[in-house]
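Participant: Listed here are the chains, written in short residue letters.
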Amino acid sequence: MSDVQQEVSAEDRSLAMSCAVLGAAVGVFGIAFGVGSVAAGGSVAMTCVMSLLVFTGASQFSAVSVIAAGGSTVAALGGASLLAARNAVYGLAMSRTLQGPLLSRLVAAQITIDESTAMSTAQEHPQAARSAFWWTGASVYVFWNLGTLIGALAGNAIDPEQFGLDAAFPAGFVAMIIPHLRHRNGRRAAAIGAVACAVTMPFLPAGVPILCASVGVLVGVKKR
Amino acid sequence: MTWTLVLALSAIAYVFKVTGLVIVGGRQLPAVVDRCLGLIPAALVSALIVNSTLGGDDGMVFDARAIGVAAAILVAAKRAPLVVVIVTGAAVTALVRATGIAG
Chain E
3 MSDVQQEVSA EDRSLAMSCA VLGAAVGVFG IAFGVGSVAA GGSVAMTCVM
53 SLLVFTGASQ FSAVSVIAAG GSTVAALGGA SLLAARNAVY GLAMSRTLQG
103 PLLSRLVAAQ ITIDESTAMS TAQEHPQAAR SAFWWTGASV YVFWNLGTLI
153 GALAGNAIDP EQFGLDAAFP AGFVAMIIPH LRHRNGRRAA AIGAVACAVT
203 MPFLPAGVPI LCASVGVLVG VKKR
Chain Y
375 MTWTLVLALS AIAYVFKVTG LVIVGGRQLP AVVDRCLGLI PAALVSALIV
425 NSTLGGDDGM VFDARAIGVA AAILVAAKRA PLVVVIVTGA AVTALVRATG
475 IAG
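Protein chains in written order, with the working numbering: chain E, 3 to 226; chain Y, 375 to 477.
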């Protein structure tokens with residue numbers, strides 16, 4: 003009994019540690035976002051409210067970069083919305099794990115993003131999947147917003163690329179996909195998703211190739 | 375940048391996030407739909423790997439990230455914990471950049 007408990011808490015600790023590391027890496031990009039947003043003419047308040055309410059990094063970077071390049075609000079919204087659309091697919095994937103009162107699902111929705119979904123679905127047990135979702139979501143939320151505030155106030159800050167932090171995300175996703183590759187259908191879906199993304203990247207706007215990768219789920223139409 | 379942009383994007387992003395969670399919710403779905411939903415992470419996470427490794431301003435680019443991610447794949451295949459995989463990917467990428475082998 004106590005052995006089992008110890009094992010669970012050790013697993014919990016390593017999961018919590020992973021969530022915190024991921025959050026901290028995101029925080030550095032929050033700083034970069036804060037810097038970029040203020041440079042694009044946003045006030046500190048606009049920049050922080052965007053991170054608090056939009057809370058999906060790729061969309062925010064996309065919107066700010068369009069504005070910085072002289073684009074209109076409508077143009078900025080278009081690209082950012084395409085990037086945000088994949089969160090709807092994550093919501094579908096998480097709907098099994100996150101059953102519960104409506105209020106908790108409305109809160110969960112705000113932190114339904116790349117990192118929380120990938121971390122949660124990499125867990126074997128339903129309870130761990132729920133913990134991983136909430137811990138990752140909360141950790142990323144805190145660090146992303148803290149980073150945004152620091153960046154918006156600081157104006158110029160460290161260059162995340164110098165520390166290879168832009169590779170931290172694909173590396174994290176590599177670790178998270180491993181459990182999905184244990185089943186044949188998972189391997190097929192992953193292969194199709196990767197190919198669909200790679201072949202559409204050169205000519206579709208950013209974000210859309212990730213949506214195209216959804217065709218990979220169709221291998222589930224046939225039983226394994 | 376305007377408040378219109380900030381608030382409109384907030385609304386759009388939240389609508390996307392909440393749709394799947396609330397519409398499907400606790401409903402029992404046909405087995406085939408369930409199997410397909412279960413494959414979303416496999417398909418999309420592998421696309422995220424490709425996208426965040428090779429994504430650039432002009433479609434696809436091969437740079438230091440590709441080498442860092444290759445190293446991350448090697449340690450992940452040896453069942454290294456997530457933290458080790460992330461640190462390996464970032465450290466190798468930073469090293470490749472610092473030595474000037476790739477940008």
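None of these hints come from the bench; they were simulated from the model.
Since the structure is predicted, the reported quantities are computational estimates derived from the model, not experimental observations.
Wrong hints could be hidden among the right ones.
Some chain E residues near chain Y, calculated using beta-carbon distances under 8 Å [as the list claims (entries may be wrong)]:
no. : residue
1   : VAL91
2   : GLY93
3   : LEU105
4   : VAL176
5   : GLY218
In this text, a Cβ means the ideal position worked out from N, Cα and C, and glycines have one as well.
Participant: Hint by hint, note whether the structure agrees.
Facilitator: Going down the list of hints, with the structure as the test:
1. Taken as an interface hint, VAL91/E checks out: its beta carbon lies about 6 Å from the nearest beta carbon of chain Y, inside 8 Å.
2. For GLY93/E, the suggested interface contact is upheld, since its CB lies about 3 Å from the closest CB of chain Y, less than 8 Å.
3. Of the supplied interface hints, the one on LEU105/E is violated, with its beta-carbon coming no nearer than about 11 Å to a beta-carbon of chain Y, more than 8 Å.
4. The restraint placing VAL176/E at the interface with chain Y holds, with a minimum CB-CB distance near 5 Å, inside the 8 Å limit.
5. With its C-beta approaching chain Y no nearer than about 3 Å, GLY218/E sits inside the 8 Å limit, and its interface hint holds.
Consistency note: the structure conflicts with earlier hint 3 alone.
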